[in-house]
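Chemist: Spelled out from the first residue to the last, the chains are:
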Amino acid sequence: MPDTPQTNREDKTLMTRRAFLKTWSLPGLGLAFALMSSALMGSAVHAEARNWQEVLDTARGQEVYFHAWGGEPGINAYISWAAEKVSAQYGVSVIQVKVSDTGNVVSQIIGEKAAGRETGGSVDLVWINGENFAALKRAGLLAPPGWATSLPNWANVDVENKPTVALDFTVPTEGQEAPWGMAQLVFIHDSARVETPPKTLAELASCAARNPGRISYPQPPNFLGSTFLKQVLISLIKEPSKLQQPVNEATFDEDVAPLFAYLDALHPNLWRKGAVFPQDSAQMRQLLADGELDLAFSFNPGDASSAIASGSLPETVRTYTFDGGTLGNTHFVAIPFNSSAKEGAMVFADFLMSAEAQAHKQDPSVWGDPTVLNVAALPAPQKALFDALDLGPATLSPDDLGQVLPEPHPSWVSQLEKAWLQRYSDS
Amino acid sequence: MTLRTGKFWVVLPWVVLGLIQLVPLAAGAIGLVLPLAVSPASGPLAPGFSGQGQASAVQLLLAQPGLSKSVWLSLTTGLFATALAFAVVVLLLAGWIGTRTLGMLRRCLGPFLALPHAAAAIGLTFLLTPSGLIFRALSPWATGLDRAPDLTIVQDPAGLSLMLALTAKEIPFLLLMALAALPQTRCEDYLRTAQSLGYGRFKAFICLGLPDLYPHLRLPILAVLAFAASNVDMATILGPTLPASLSVRIVAWMNDPAADLRTAAAAGAGLQGLICAVCILLWLAGERVASTAVKAIAVDGARGRADRVWKVVGLSLTWALFALLSGAIVSIALWSVARGWFFPDLLPGSWTLGSWRKVLLQDTGPLVTTVVLAALSSGLALLLVIWILETMSRRQLHNGLAPRESSALRAMMFFPLILPQVSLLLGIHVWFLILRADGTFFGVLFAHLIFVLPYVYLSMAGPWYRLEPNLLRNAQSLGLSDSHSFLQIKLPMLLRPLLTAFAIGFAVSVAQYLPSLMIGAGRWPTLTTESVALASGGARRPAAVYALLLMVLPACVFILATLIPAAAFRHRRGMRHSR
Chain P
353 MPDTPQTNRE DKTLMTRRAF LKTWSLPGLG LAFALMSSAL MGSAVHAEAR
403 NWQEVLDTAR GQEVYFHAWG GEPGINAYIS WAAEKVSAQY GVSVIQVKVS
453 DTGNVVSQII GEKAAGRETG GSVDLVWING ENFAALKRAG LLAPPGWATS
503 LPNWANVDVE NKPTVALDFT VPTEGQEAPW GMAQLVFIHD SARVETPPKT
553 LAELASCAAR NPGRISYPQP PNFLGSTFLK QVLISLIKEP SKLQQPVNEA
603 TFDEDVAPLF AYLDALHPNL WRKGAVFPQD SAQMRQLLAD GELDLAFSFN
653 PGDASSAIAS GSLPETVRTY TFDGGTLGNT HFVAIPFNSS AKEGAMVFAD
703 FLMSAEAQAH KQDPSVWGDP TVLNVAALPA PQKALFDALD LGPATLSPDD
753 LGQVLPEPHP SWVSQLEKAW LQRYSDS
Chain D
16 MTLRTGKFWV VLPWVVLGLI QLVPLAAGAI GLVLPLAVSP ASGPLAPGFS
66 GQGQASAVQL LLAQPGLSKS VWLSLTTGLF ATALAFAVVV LLLAGWIGTR
116 TLGMLRRCLG PFLALPHAAA AIGLTFLLTP SGLIFRALSP WATGLDRAPD
166 LTIVQDPAGL SLMLALTAKE IPFLLLMALA ALPQTRCEDY LRTAQSLGYG
216 RFKAFICLGL PDLYPHLRLP ILAVLAFAAS NVDMATILGP TLPASLSVRI
266 VAWMNDPAAD LRTAAAAGAG LQGLICAVCI LLWLAGERVA STAVKAIAVD
316 GARGRADRVW KVVGLSLTWA LFALLSGAIV SIALWSVARG WFFPDLLPGS
366 WTLGSWRKVL LQDTGPLVTT VVLAALSSGL ALLLVIWILE TMSRRQLHNG
416 LAPRESSALR AMMFFPLILP QVSLLLGIHV WFLILRADGT FFGVLFAHLI
466 FVLPYVYLSM AGPWYRLEPN LLRNAQSLGL SDSHSFLQIK LPMLLRPLLT
516 AFAIGFAVSV AQYLPSLMIG AGRWPTLTTE SVALASGGAR RPAAVYALLL
566 MVLPACVFIL ATLIPAAAFR HRRGMRHSR
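Residue numbers (this note's numbering), protein chains in the order written: chain P, 353 to 779; chain D, 16 to 594.
To be clear, the hints were calculated from the coordinates, so they are not data collected in a lab. Any given hint could be a false lead.
A few chain D positions that, by computed beta-carbon distances, are all more than 10 Å from chain P [stated by the list, open to error]:
id, residue
1, A152
2, I295
3, L330
4, M428
Simulated crosslink set (DSSO-like; lysine-lysine; CA at most 27 Å straight-line) [unchecked claim]:
id, chain 1, residue 1, chain 2, residue 2
5, P, K770, D, K84
6, P, K590, P, K770
7, P, K625, D, K310
8, P, K594, P, K625
9, P, K735, P, K770
10, P, K770, P, K594
11, P, K437, D, K373
12, D, K310, D, K326
13, P, K551, P, K590
Some chain D residues near chain P, calculated using beta-carbon distances under 8 Å [stated by the list, open to error]:
id, residue
14, P80
15, N270
16, A452
For glycine and all other residues, C-beta sits at the position ideal for the given N, C-alpha and C.
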């Protein structure tokens, strides 16, 4: 048994290689090109061995186009802050390209690959995780493995207690992306309006039935909406171990049947009777502020406190998680294969992992995004940065966040989204 | 340099024009077909569009859930919004031609014309949602609500709110086109004659005025129709989401990491073209039916004098829609400075200039990009239009003809406006990828120019040909050369329309969404792309700031366009009033 899959895998690699060459060989140049590019890739594998000072020297003066989701003004402001810091400290100028969906960036990179843009790509660094990372990794469109684990600040990353910093939706990162922050699905409610919010799926359904039109979830394929689907699936699927494996097409319908049975019953009691869905977490938060919804979802445990600080949510909102835990993951930054400023991107990624940047990020008046670092193991002056943080009235402490449920294999997401869309847009 | 010396100078403007107007069309068409025709993994010719497996693009498209609903939505919003806007304009003209009321309406058009579609959509959302300004104004004293009700108003599955918004936004445009065309028709004479014979205003207008006026309105109406059926920015904000109309989904598919969906997007762009074609054919068929009906009514002997009701209906509908747009603008202004603003408070509980500070002082990229793009694209378009008009006029003059507008040129100008933008741009985008011009500033500028040029031409051509040709003949008989009379007589006399055309071009560029989004590859965010991205989520405050700037910027340019001639002509009584 163990032998066969191995051979298969080699076959597959060979196939991909061949397909790769086929796409790449312009008439007459094919072989030379392929040899050259593989030689280049070979040398780049030893990025780890490169002297960090050398990277810093090369990076000076580079322009890094950082493609990052731009829907949250607080996050954009944080990125500007970090950009100013690396510009002052390392002479690297970082320009945020605000994208509405990281999928855009993935397709852009794929498009550049197909159009033959081997260097000088338009994306130098991308904010990424999950299926987007898996897609780029699978297609070989990322900078060679190992660069992220070679960064000086990698030493402080909490690999032991936060396994998702190296295991992105069950896919090993192999140092092809540098962890930036932690996320966990949390629920926000207004304690002045709803005293005891629903803490299980059953309670959520009965709460919606008692009080129709006040519960909703973001429309998949928005990642928070897809997360909600996964959260329900994890709780209801008969064999949870299946989620750690790629989707089995043959049993998929059967596997997800409990999820859709739950949703079918829930939808008539949803906001707008399930005919319209909020588009993202910002809209959910706005609808909570408007009093249209009783619950908002967020992937950032500090979100509610940030919103109170900025005045966009009332001071009575609180955060909580489900009994039995909620889905959690890590978000990263990755360098595409054709990045035109790889060194600059590495310097910025390293700065984002520094105690200074991570502590500033966790400040709820800034962003409120939890750190990827092992704070307890940090040297005293850096640990003090975290101790000084006031996490705000609506942020749960790491202990209160409860159990983190690991993400399923990325292949589940697209299948779930497709099935959801099929079921609810044709009806 | 005189243009007489060589054919080169006569031909060159046409070549440049062709580059901007026709090459993109051809390229767009080929770019659209290309991904459909290529087999999977056929390499660099179909960047990013090689699908998986053997399924063709069309099969992939047809496999998309809810496709028929999306298609139906595009068709119905296009046709109904256009028909409604046209109907209101007809009611208004029939009831009020030659009255002071119409003159007053005309003066009110400016702000509504300058209001970009994205900003209008954002404002209408703020106004109409169950937690919006209207419900706040009525709660709790009239509605008894202390919480926003669960009502589907915006983003309704049938697209009614989208149609309403499109109608409200297109009425000012159609009205302007009609008012601009009226002097070229004999409508008012006909109406006076018919009324003196005892016919009602409506009967007279529909049987005599409209047939005379309609040919001038046909192209603008078809442009409105194609726009309404394929619009993306308004539909993203106000349209249904499950499923969205086809054009919105094409953009989403294009941006999907799955290659299958990008292939489907290409086929979808073709389908969108088909939808617009069907809309136009249906409209033209409707024209036939209507003209037969009008002929029948004309000879039925009735005088049709009991039409006062319609007069009131037309005017009140117009004012109601204008009031809606004004309410939208007020909502935007409030949200741009609101801090905490919770239902059912009519006004924000606390205020902040934080969002303004961010946009104007910290994060100025989109603002600068928008202004530079608009100024450059409109300026280039204006230069090109003058060049072409002057070349043509001189040739006509030297051939002993009075300068007359070329109808071929006019039709050519309307071409990019009648095609669905999303299809055209998707096709062009493929070529930009191959040429590596995607994501460059000049790529985006070029894409803007395609859509700015027609509007600059349309607003310039009228005044240009109304200019008294004898003035120039006199000048030349007094010994002025072509170039001299052009620079010293024509341009100064045309200063007002020149600046207006520039302002219109500027406003059109500011409002562009898809060209910046699709060709800019996210590198050139503008006020429009940012505001749509923010508003389609829930980030109301920054979206409001961007939306307000979208209105204020063109308005400033329009104001300059009126102030400059006023200052320049302050000693010349004959130039004080534009025609």
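Chemist: Does each hint hold? Answer for all of them.
Modeler: Here is what the structure says about each hint:
1. A152: holds (15 Å)
2. I295: holds (28 Å)
3. L330: With a cut-off of 10 Å, L330 of chain D remains clear of chain P, as the shortest Cβ separation is near 34 Å.
4. M428: holds (32 Å)
5. P:K770 - D:K84: Holds: K770 of chain P and K84 of chain D sit about 17 Å apart, inside 27 Å.
6. P:K590 - P:K770: holds (21 Å)
7. P:K625 - D:K310: Status violated; Cα separation ~49 Å.
8. P:K594 - P:K625: With a Cα-Cα distance of about 32 Å, the restraint between K594 of chain P and K625 of chain P is violated, given a limit of 27 Å.
9. P:K735 - P:K770: The hint is violated at about 45 Å.
10. P:K770 - P:K594: holds (19 Å)
11. P:K437 - D:K373: Holds. K437 of chain P to K373 of chain D sits at ~18 Å (cutoff 27 Å).
12. D:K310 - D:K326: holds (22 Å)
13. P:K551 - P:K590: holds (21 Å)
14. P80: holds (4 Å)
15. N270: holds (4 Å)
16. A452: violated (11 Å)
Hint check: violations occur at hints 7, 8, 9 and 16; the rest are consistent with the structure.
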